[in-house]
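Chemist: Could you put the whole structure together from the sequences, leaning on the hints where they help?
In this text, residue positions in the sequence shown follow the working numbering: the first is 1, and each later residue adds one.
Please keep in mind that the hints were generated in silico from the structure rather than gathered at the bench. Cβ atoms here follow ideal geometry from the backbone N, Cα and C, with glycine treated the same way. Certain hints may be false.
Cβ-Cβ distance ranges computed for the label pairs, FRET-style [what the hints assert, rightly or not]: (1) 121 to 69: 35 to 45 Å; (2) 140 to 20: 27 to 37 Å; (3) 85 to 32: 10 to 20 Å; (4) 151 to 85: 11 to 21 Å; (5) 5 to 55: 14 to 24 Å.
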Amino acid sequence: MSDLDNQSQVLLVGGGIGVPPLLEVAKELHARGVTVVTVLGFATKDAVILETELVQYGQVFVTTDDGSYGIKGNVSVVINNLDIQFDAVYSCGAPGMMKYINQKFYNHPRDYLSLESRMACGMGACYACVLKVPESETVSQRVCEDGPVFRTGTVVL
Numbered sequence: 001m002s003d004l005d006n007q008s009q010v011l012l013v014g015g016g017i018g019v020p021p022l023l024e025v026a027k028e029l030h031a032r033g034v035t036v037v038t039v040l041g042f043a044t045k046d047a048v049i050l051e052t053e054l055v056q057y058g059q060v061f062v063t064t065d066d067g068s069y070g071i072k073g074n075v076s077v078v079i080n081n082l083d084i085q086f087d088a089v090y091s092c093g094a095p096g097m098m099k100y101i102n103q104k105f106y107n108h109p110r111d112y113l114s115l116e117s118r119m120a121c122g123m124g125a126c127y128a129c130v131l132k133v134p135e136s137e138t139v140s141q142r143v144c145e146d147g148p149v150f151r152t153g154t155v156v157l
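Modeler: Pasting the structure below:
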């Protein structure tokens, strides 16, 4: 993030409990003059959080699965229609959302997934949070030890 400046455009994508970490990212990027576009996905209007706070740092799109607020559908509805080349993409959310981001920005040089995972030990010993690595039958990554932030294309979701 340190090399992003006022010429940079960044996409933030979050859903549910993945939204709060993006608020701090948005604050820091905005302070550097970076253009921030945020896409948030929620199940319903009642689940929407931090929209008002994030609007202070850039453009915000909100989607709800049931259409009770914002745009009906999930974050892909908005992202597929954005005609912007982003210098970086940061995302945090549910597994389905992260799988979409991993596929959509697979070859992007600066796309990061912050993954949520149930962890029995949190120290890498139990291997409950293991993710496969593309094109390898034997290598894996542990969300608790090797992550929780991964580049797109480095893990199989």
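Chemist: Give a verdict on every hint.
Modeler: Here is what the structure says about each hint:
1. 121 to 69: 35 to 45 Å: holds, 38 Å
2. 140 to 20: 27 to 37 Å: holds, 28 Å
3. 85 to 32: 10 to 20 Å: holds, 18 Å
4. 151 to 85: 11 to 21 Å: Since residue 151 and residue 85 have Cβ atoms about 18 Å apart, the given range 11 to 21 Å holds.
5. 5 to 55: 14 to 24 Å: holds, 22 Å
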